[in-house]
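Protein chains: 2
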Amino acid sequence: MESLEYLDIVVRGWMHDARNKILAAFNKDLDVWTKSGRNDLVTNIDKEIEKIYSKNIRLLFPEANIIGEESFTQGDLNMNGMTWFIDPIDGTMNFVKQHCHFASMLAIYENGKGVRGYIYDVVGDKLYWGGPDVGVFCNNEKMKDPSNTVLRDGLIGIGAPYLIHNFCNLQAVALASSGTRMYGSAGIQIIHVIEGKCVGYVSYLRPWDFAAGRVLAETLGLSMKKIDGTPLNMLVSSDVLVATKNAQKDIAKLTKKS
Amino acid sequence: MESLEYLDIVVRGWMHDARNKILAAFNKDLDVWTKSGRNDLVTNIDKEIEKIYSKNIRLLFPEANIIGEESFTQGDLNMNGMTWFIDPIDGTMNFVKQHCHFASMLAIYENGKGVRGYIYDVVGDKLYWGGPDVGVFCNNEKMKDPSNTVLRDGLIGIGAPYLIHNFCNLQAVALASSGTRMYGSAGIQIIHVIEGKCVGYVSYLRPWDFAAGRVLAETLGLSMKKIDGTPLNMLVSSDVLVATKNAQKDIAKLTKKS
Chain U
67 MESLEYLDIV VRGWMHDARN KILAAFNKDL DVWTKSGRND LVTNIDKEIE
117 KIYSKNIRLL FPEANIIGEE SFTQGDLNMN GMTWFIDPID GTMNFVKQHC
167 HFASMLAIYE NGKGVRGYIY DVVGDKLYWG GPDVGVFCNN EKMKDPSNTV
217 LRDGLIGIGA PYLIHNFCNL QAVALASSGT RMYGSAGIQI IHVIEGKCVG
267 YVSYLRPWDF AAGRVLAETL GLSMKKIDGT PLNMLVSSDV LVATKNAQKD
317 IAKLTKKS
Chain G
67 MESLEYLDIV VRGWMHDARN KILAAFNKDL DVWTKSGRND LVTNIDKEIE
117 KIYSKNIRLL FPEANIIGEE SFTQGDLNMN GMTWFIDPID GTMNFVKQHC
167 HFASMLAIYE NGKGVRGYIY DVVGDKLYWG GPDVGVFCNN EKMKDPSNTV
217 LRDGLIGIGA PYLIHNFCNL QAVALASSGT RMYGSAGIQI IHVIEGKCVG
267 YVSYLRPWDF AAGRVLAETL GLSMKKIDGT PLNMLVSSDV LVATKNAQKD
317 IAKLTKKS
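The listed protein sequences correspond, in order, to chains U and G.
Numbered per this note's numbering, the first sequence spans residues 67 to 324.
Numbered per this note's numbering, the second sequence spans residues 67 to 324.
Hints in this document: simulated from the structure, not taken from any laboratory.
Please note that the accuracy of each hint is not assured.
It does not matter which identical chain is used: a pair holds within one copy or between any two.
Claimed, not checked - Below, in silico cross-link-like pairs of lysine-lysine (BS3-like), each with a Cα-Cα straight-line distance of 25 Å or less: (1) 192 to 263; (2) 101 to 319; (3) 322 to 192; (4) 94 to 263; (5) 210 to 319; (6) 322 to 113; (7) 121 to 210; (8) 291 to 210; (9) 208 to 94; (10) 263 to 113; (11) 101 to 263; (12) 315 to 210.
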């Protein structure tokens, strides 16, 4: 445990360094490329930050698996031993167009079990971090479990394509809630759920999008599964629903197989 | 002009006072009522702030028309002489559920022409204000016109009901953009457009939702009309599209009568 406590200090230091690099980039021209489609962006800053995180991790843990957004290759991946997930900038579109509403994320899993999640709201300068042994903190303040609000009394985050195409009947979920919110970053959306500002968030996510959020959400007593209630596979992209336990039950009644 | 300059100082003072009252309310139990439907909320703080704004306006301008969210009654309204629009808390649902992402708004029109708009991002402590004679400021910093970005290269804000029900074919607009954003407050969405963080925002709005935003948006060279391109009636609730001129043209090609 002592070593994890020490690691928290080290990792938070890495992330503060990353923040300074990211904020400095606002004043420079970015190199922007598209990946899977015209709205899936990566910049030189995403690549640079991931490289630094990877190098730092390798120095401490030469044997660890590293699954990073910008270096991910399908292959003989497994979750044996220590696995790190890196999302240098989650919400790159917002980073490019808005200069806000994006997060930097890291997660540590041991033999498939989440031990640490770190989600940094870079512009808001709020680092959400923790794990099952210590609880969850926002910067230095310990967070309480969010109240177990039902869907009807809460705001729900839904990815735009899922809402437009009514994936799994999610339009009914939107209409049954108090309102729909779309911030354009899984990290920022998950922060809203762990803070109790939204009762849930559902979207198609890749492992580095949800690895850190899963550790924090589950530590705070939230549910994080696929929409159909089956467990997440940490090596596979899929639909992901993070929600209060009550909202998860309400959503299960409204959703259908797609 | 001198009197408007003086008025800016006075009104900004009112709004800073309102901010203090609103932030103080986070630590107290709110009285919350529903209005037109279960997701249309009003609190004792909305009512209290509107009352204070109205009283302040009446002291300076006993003859002015006042159109306020919480006191609005259909009737013999007109825009002759001076008209004030008051939205004490725009995004009351966010105020109640999130304690952020809401705005306090005031606007002044003279014989139907907008002369001043004030949109206060209360938690962010950023007051956007100005009019055609002085330009638009964020706190004390003069804002530049946002760049005339096309729809394809920008983020678009769309009200959830419009997106779900595909009002006027807005799903096609969402899919043609760089991404959709929903923040749950017209004031906050319009701030994103005047800052150039989104290329547009479209929703069903009431006069006090768009009165201040219209003054700021048009002063900054943006388009603010109904979706079909016809002018807004300041006394009538309707669909409202605020956008860069290029995005407005792109959206006009994609939308249909509903």
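Checked hints:
In this assembly of identical chains, residue 192 and residue 263 lie within 25 Å of each other by CA distance both inside one copy and across copies; the values are 15 Å within and 21 Å between. With identical chains, the CA atoms of residue 101 and residue 319 are never at most 25 Å apart, being 36 Å at best within one copy and 28 Å at best between copies. Taking identical chains as interchangeable, the C-alpha atoms of residue 322 and residue 192 are never at most 25 Å apart, the minima being 36 Å within one chain and 43 Å between chains. Only between protomers do residue 94 and residue 263 lie at most 25 Å apart by alpha-carbon distance; the minimum there is 17 Å, versus 34 Å within a single protomer.
Proximity of residue 210 and residue 319 under a CA criterion of 25 Å is satisfied in neither setting, with 28 Å inside one chain copy and 49 Å between copies. In the homo-oligomer, the alpha carbons of residue 322 and residue 113 never lie at most 25 Å apart, since the shortest distance is 38 Å inside one protomer and 42 Å across protomers. For the identical chains of this complex, residue 121 and residue 210 are neighbours neither inside a copy (34 Å) nor across copies (41 Å), given an alpha-carbon limit of 25 Å. Proximity of residue 291 to residue 210 under the C-alpha cut-off of 25 Å is restricted to the intra-copy arrangement: shortest distance 21 Å within a copy versus 45 Å between copies.
Proximity of residue 208 and residue 94 under a CA criterion of 25 Å is satisfied inter-copy only: 22 Å between copies versus 36 Å inside one chain copy. When the C-alpha separation of residue 263 and residue 113 is checked against a cutoff of 25 Å, the pair qualifies only between copies, where the shortest distance is 23 Å, while the shortest distance within a copy is 31 Å. Taking the closest pair of Cα atoms, residue 101 and residue 263 come within 25 Å of each other only across two copies (22 Å); inside a single copy the shortest separation is 32 Å, beyond that limit. Taking identical chains as interchangeable, the C-alpha atoms of residue 315 and residue 210 lie at most 25 Å apart only when both belong to the same chain, with a minimum of 22 Å there against 48 Å between chains.
In summary, the numbered hints that this structure violates are 2, 3, 5, 6, 7.
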